[in-house]
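K.L.:
Sequence:
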Amino acid sequence: MYAGLPHGKSGPLTAVNFSLNDVFMRCFCEKGVREGFQRSAGAGTAQEERFRMTTVNSIDISVAVNLLMCVGIVLVSVWGYYRIRKITPLYFGCAYTLFAISHFLLLNGGENPPGPEFFVLRTTGYAFVVIGLFAILRDIIRKTEAEADLARLTGRLEERVLERTAELAQANDALITEVCQRAIAEERLRQSLHEKDVLIKEIHHRVKNNLQVIVSLLYLQSRKTGDPACAAALLDSQTRVKSMALIHENLYQSGDLASIDFDRYLRNLAGNLRVAYGVDRAGIRVITDVRDLNVSLTTAIPLGLIANELIANALKYAFTGRDGGEITLAGEKDASQITLIVKDNGRGIPEDLDWENAESLGFNLVRMLVRQLKGTVRLDRTGGTQFVITLPYAG
Numbered sequence: 603m604y605a606g607l608p609h610g611k612s613g614p615l616t617a618v619n620f621s622l623n624d625v626f627m628r629c630f631c632e633k634g635v636r637e638g639f640q641r642s643a644g645a646g647t648a649q650e651e652r653f654r655m656t657t658v659n660s661i662d663i664s665v666a667v668n669l670l671m672c673v674g675i676v677l678v679s680v681w682g683y684y685r686i687r688k689i690t691p692l693y694f695g696c697a698y699t700l701f702a703i704s705h706f707l708l709l710n711g712g713e714n715p716p717g718p719e720f721f722v723l724r725t726t727g728y729a730f731v732v733i734g735l736f737a738i739l740r741d742i743i744r745k746t747e748a749e750a751d752l753a754r755l756t757g758r759l760e761e762r763v764l765e766r767t768a769e770l771a772q773a774n775d776a777l778i779t780e781v782c783q784r785a786i787a788e789e790r791l792r793q794s795l796h797e798k799d800v801l802i803k804e805i806h807h808r809v810k811n812n813l814q815v816i817v818s819l820l821y822l823q824s825r826k827t828g829d830p831a832c833a834a835a836l837l838d839s840q841t842r843v844k845s846m847a848l849i850h851e852n853l854y855q856s857g858d859l860a861s862i863d864f865d866r867y868l869r870n871l872a873g874n875l876r877v878a879y880g881v882d883r884a885g886i887r888v889i890t891d892v893r894d895l896n897v898s899l900t901t902a903i904p905l906g907l908i909a910n911e912l913i914a915n916a917l918k919y920a921f922t923g924r925d926g927g928e929i930t931l932a933g934e935k936d937a938s939q940i941t942l943i944v945k946d947n948g949r950g951i952p953e954d955l956d957w958e959n960a961e962s963l964g965f966n967l968v969r970m971l972v973r974q975l976k977g978t979v980r981l982d983r984t985g986g987t988q989f990v991i992t993l994p995y996a997g
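In this note's numbering, the protein residues as written are 603 to 997.
Take these hints with a grain of salt, some might be off.
With a straight-line Cα cutoff of 20 Å, these simulated SDA-like cross-link-like pairs (lysine to any residue) come out [as the list claims (entries may be wrong)]: (1) Lys935 <-> Val877; (2) Lys935 <-> Thr901; (3) Lys935 <-> Gly873; (4) Lys918 <-> Lys976; (5) Lys976 <-> Ser938; (6) Lys826 <-> Val815; (7) Lys798 <-> Thr900; (8) Lys935 <-> Arg973; (9) Lys976 <-> Ile903.
The hints are simulated quantities; they were obtained by calculation from the structure and are not laboratory data.
Whole structure, please, built from the sequences with the hints as guidance.
P.N.:
Next comes the structure, spelled out in structure tokens:
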């Protein structure tokens, strides 16, 4: 009979084999030899004594060997139990111990037949062997079921991984397609905006050229007329048209088509007016103090015309009979309003002149344009002339 004794992974011992057939054969042979010698009455005493001593020595050796094997098997069984934490090795250790004890009883029984304790030990040993085999079979079945469950779960996991991989691949393809479409749309939009900017710049350039043509026509007309009053009126018209042309010129020359840098505009406007009215080399200084004043096109054109009228009025009348003076242009913008100040240190507007009801075209234009922008204008005659224009600003 063979019995397996599984233990851990470190030791490759898988079973402890033992055979009881040679034990039974040896017992029966020794018994037969003893009976044969007893029936031989003519045998010598020396031979019987020699056989007895040999048998006793053989019995002692067999018992010692079986006891040693029993101790070894028990130790290995206990070690295997602590290695795998299962009681299967102990079954076979107990079985071998019972077989060894029963063998010892059989050898020491002499000619007497085995007693009931022999059969009890032997039957119990067989029972432990059967229980051990069933335990091994149970472990094998459980391990097989666990491996089958693991394989099944692994298969499901692989299927799920494949499904998710396919879904991610589809999502990635869709995302790449969307990104490409968006990039194409952005490129088209960028091209469209560039074309729009070019077109707007071209429009402002052409408007500026057309206004410059009008200025040139007015200049030629003023050269042909012999009436000084008519020539002065045509000159004023030239400066007004040129102030509007200057707005469009600044727009198409700048990178921002939505707003005008009013500081730069006022500097150019004042320079053009000095040239137009012949005071380029006179002692009149124009000082600009405008901080971060950017206005939209709809506000820039009327506000530019207002500044044109007030600066032209100062150049023509404020310094009559004087060697020079100063014209100060100031402007600022806050969260709610825009303020423009045109000031000179000339002789000032007479106190008896009601400028708000005057028949002057320049003052009428200033009042109408301020009302158009829903603002207010205030005149201060202290130390010269100072106009303060306030316009609402919504950000």
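K.L.:
Now, for every hint given, state plainly whether the structure supports it.
P.N.:
So, going through the hints one by one against the coordinates:
1. A hinted pair counts as satisfied when its Cα atoms are at most 20 Å apart, and Lys935 with Val877 does not qualify at roughly 29 Å.
2. Between the alpha carbons of Lys935 and Thr901 the distance comes to roughly 13 Å, so the proposed pair stays at or under 20 Å and holds.
3. Simply put, Lys935 and Gly873 have alpha-carbon atoms about 23 Å apart, too far for the 20 Å limit, and the pair is violated.
4. With a C-alpha separation of about 28 Å, the suggested pair Lys918 and Lys976 falls outside the 20 Å cut-off, and the hint is violated.
5. For the hint pairing Lys976 with Ser938, the CA-to-CA distance comes to about 13 Å; that is within 20 Å, so the pair holds.
6. Of the pairs offered as hints, the one joining Lys826 and Val815 holds, with about 17 Å between alpha carbons and a cut-off of 20 Å not exceeded.
7. Restraint check for Lys798 and Thr900: satisfied, since their Cα atoms lie roughly 19 Å apart, inside the 20 Å limit.
8. Restraint check for Lys935 and Arg973: the C-alpha separation of about 19 Å stays at or below 20 Å, so the hint holds.
9. At roughly 14 Å between alpha-carbon atoms, Lys976 and Ile903 fall within 20 Å of each other, so this suggested pair holds.
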